[in-house]
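Student: All chains, please: the whole structure from these sequences, using the hints.
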Amino acid sequence: MSISIEHVSKHFGKFQALTDINLEVGSGELVALLGPSGSGKTTLLRIIAGLETANAGVVRYQDLDMTHSRPQERQIGFVFQHYALFRHMTVFENVAFGMRIRKTPNVEVAKRVKELLHLVRLEGLEKRYPAQLSGGQRQRVALARALGVQPRVLLLDEPFGALDAKVRAELRQWLRQLHDQMHVTTIFVTHDQEEAFEVADKVVVMQGGKIEQLGTPQEVFDHPANAFVMDFLGNVNVFHGRMQSGKVHLPGFEMAYPEYDHDVAQTATAYVRPHEVDLDRVAPNGAAMQVKVLQVHPAGSVAKVRVQSEEFGMALNIELSLDRYSELRPKQGEFLFASPRKVRVFKPADDYVI
Amino acid sequence: MHTSRAVGHKPGTTGHGSHTEPAWVRWLLISCAIAVISILVIIPVVNVFYQALANGFDTYRHQLLDDAETRHAIWLTLTVVPVAVVLNTIFGVAVAWAVTRFQFPGRTILIAFIDLPFAISPVVVGLMIMLMFGRLGIWGPTLEHWGIKIVFAYPGLVLATTFVTLPFVARELIPVMEALGADEETAAVSLGANGWQMFWRITLPNIRLGLLYGVILCNARAMGEFGAVRVVSGGISGETDTMPLRVEKLFQEYELPESFAVASVLTLLALVTLIAKTLLEHQTQQQLARADDEQAET
Chain A
1 MSISIEHVSK HFGKFQALTD INLEVGSGEL VALLGPSGSG KTTLLRIIAG
51 LETANAGVVR YQDLDMTHSR PQERQIGFVF QHYALFRHMT VFENVAFGMR
101 IRKTPNVEVA KRVKELLHLV RLEGLEKRYP AQLSGGQRQR VALARALGVQ
151 PRVLLLDEPF GALDAKVRAE LRQWLRQLHD QMHVTTIFVT HDQEEAFEVA
201 DKVVVMQGGK IEQLGTPQEV FDHPANAFVM DFLGNVNVFH GRMQSGKVHL
251 PGFEMAYPEY DHDVAQTATA YVRPHEVDLD RVAPNGAAMQ VKVLQVHPAG
301 SVAKVRVQSE EFGMALNIEL SLDRYSELRP KQGEFLFASP RKVRVFKPAD
351 DYVI
Chain B
355 MHTSRAVGHK PGTTGHGSHT EPAWVRWLLI SCAIAVISIL VIIPVVNVFY
405 QALANGFDTY RHQLLDDAET RHAIWLTLTV VPVAVVLNTI FGVAVAWAVT
455 RFQFPGRTIL IAFIDLPFAI SPVVVGLMIM LMFGRLGIWG PTLEHWGIKI
505 VFAYPGLVLA TTFVTLPFVA RELIPVMEAL GADEETAAVS LGANGWQMFW
555 RITLPNIRLG LLYGVILCNA RAMGEFGAVR VVSGGISGET DTMPLRVEKL
605 FQEYELPESF AVASVLTLLA LVTLIAKTLL EHQTQQQLAR ADDEQAET
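As you go down the protein sequences, you meet chains A and B in turn.
Quick note on numbering: my numbering labels position 342 of the first sequence as 342, and the sequence is numbered without any gaps.
Numbers given in my numbering equal positions in the second sequence, counted from 1, plus 354.
The hints are simulated quantities; they were obtained by calculation from the structure and are not laboratory data.
Keep in mind that a hint or two might mislead.
To be verified - If the Cβ cut is set under 8 Å, some of the chain B residues that face chain A in the computed set are: (1) E538; (2) V543; (3) S544; (4) L545; (5) G546; (6) A547; (7) N548; (8) G549; (9) Q551; (10) I556.
Beta carbons: idealized from backbone N, C-alpha and C, even for Gly.
Tutor: Put into structure tokens, the structure is as follows:
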């Protein structure tokens, strides 16, 4: 089932949580709402679920206006950040809760709970209480419980936030597989860009109650719409310079920037990702700056090198592939040439400051 | 009971912990405590039973049951108290719910007002009821016109008892519901439960021990209530005398054995309440310890 959010706004007292949000989620899509805390992503999820009411705007399920429907009427599955399992009920009764409310016959409840526990790989734990389960198991009970009502939409609020890194990575892949089996429209909230990129078909980047960018993980990562998205989706090196007459002048190099063709100079900020900087012993033909190697960390999947430009008084973080690293073998204190392969300059209208 | 659990789990505060004080200080403190408890509590309580049963159990039974007015007092207490307890249970759950689940202007003031009956002298409570519902009170003439009797009658006794014991259930539930949070309730709603289903299936099972504890305390206090009831009852023997009032009346009339007999019944009810409360606390502790153990195992 598809979901449309049209001009939705929400405030809590004086705090504006959401401002004029528009969003389409296609049937069977898996969408991530990604943003820092306070960006309004959870509020948006709760409005879709009916746990919160929008002050303005419309929420549609398919073509039906559900803006003022109560959660009971929406047939949703909601997975809470801290699971919110019923502590006085066994795993079985937790999963069965939604069916019991719907007066499903006992025989069918037993059959469906069994299927669901098989699906979330928790067979044999029916009689346990939530307090007797590990974090990952609780998370899966919460998911089975949400799926028990045969939801038309599955909504997950920071589903893996409280788990340790390894369990989180496992559950993430498992959620993706589960979605591919069931094709239920799914929206989940996360502040972890890696999680969003790994699991989702579509990523919605939010900040300050607004949607900053919407697209496939690839689109968003390769073509960030503005400085905020660029910064939020990974490490960046920041260059401060100025722009004038279609050119940007930055420390060590300059580049064409036709978007700004005024004669009046204006400050410009450029962003370069650590893995998009080359390091070399001989000065390359293009733009480059001489830098001194401060630190080298070859451990991990990439070699991290921190360098300093004495001329411009700025430090850069650079990530080299391990192949390139073993070829170059930069040493601490050595002078090298750094040349950015890809520089992104955002218009000053995006008055975002890092 | 929830705070006592937290303290119990803290190392060093269990009594087996530090022994830095010299032995004589410890023994002095322990003896003082035992002496005070004995003189003020244990000996008088035992004495009540001793006096009541001094002439044998048969006499005791006659003293209690032969007098119609005493029988009526026992009956009255047993009919007034449950009504007050039920009213306060409903009120307590509603207030605890409102205060812990909603933000509204005046919330803090409401919490402060819940405690007011604890602070006001019961005699003043009685007077307040007289000034509202009594013959010369604000609503007195209207009530008289409709032929409704509140003071010097059963409704007045219920009103006074309810007022005095108002805070017990609410006070007990507010911290419990605050600690529980609304997460499970929201989850129930998201799974399709309506308000009643959410309350009966999720909230009530989670707060049941705290609720029971509040009800027991409320019950104990309601049975013993004297001051407020004394004022609104008008002291009509065989009509508006509850057990505590009857004890006082018999005592004033120098019918000491009878007075002790009724007093012993009241004390017995209090002891039963105390035992119920202790058992409940014990059970709660065990349940929590079990949950902790199970968590530690996994």
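Student: Just to be careful: measuring from the Cβ of B:E538 to every Cβ in chain A, is the smallest value less than 8 Å?
Tutor: 5 Å, holds
Student: Please verify that hint: B:V543, Cβ, nearest Cβ of chain A, below 8 Å or not.
Tutor: 5 Å, holds
Student: Holds or violated: the hint that B:A547 contacts chain A, with Cβ atoms closer than 8 Å.
Tutor: Status holds, d = 5 Å.
Student: Taking the least C-beta to C-beta distance, is B:G549 closer than 8 Å to chain A?
Tutor: 10 Å, violated
Student: Per the CB criterion, is B:I556 less than 8 Å away from chain A?
Tutor: With Cβ-Cβ at 6 Å, under 8 Å, it holds.
Student: Hint B:L545 vs chain A: min CB-CB distance below 8 Å?
Tutor: 4 Å, holds
Student: Take the shortest C-beta to C-beta distance between B:S544 and chain A; is it under 8 Å?
Tutor: Cβ of B:S544 sits 4 Å from chain A, so the hint holds.
Student: Does B:Q551 pass the interface check with chain A, least Cβ-Cβ distance below 8 Å?
Tutor: 6 Å, holds
Student: Quick check on the hint: B:N548 CB to chain A CB, less than 8 Å?
Tutor: Status holds, d = 6 Å.
Student: Quick check on the hint: B:G546 CB to chain A CB, less than 8 Å?
Tutor: OK, holds: B:G546 within 8 Å of chain A, min 5 Å.
The structure fails hint 8 only (numbered hints given earlier).
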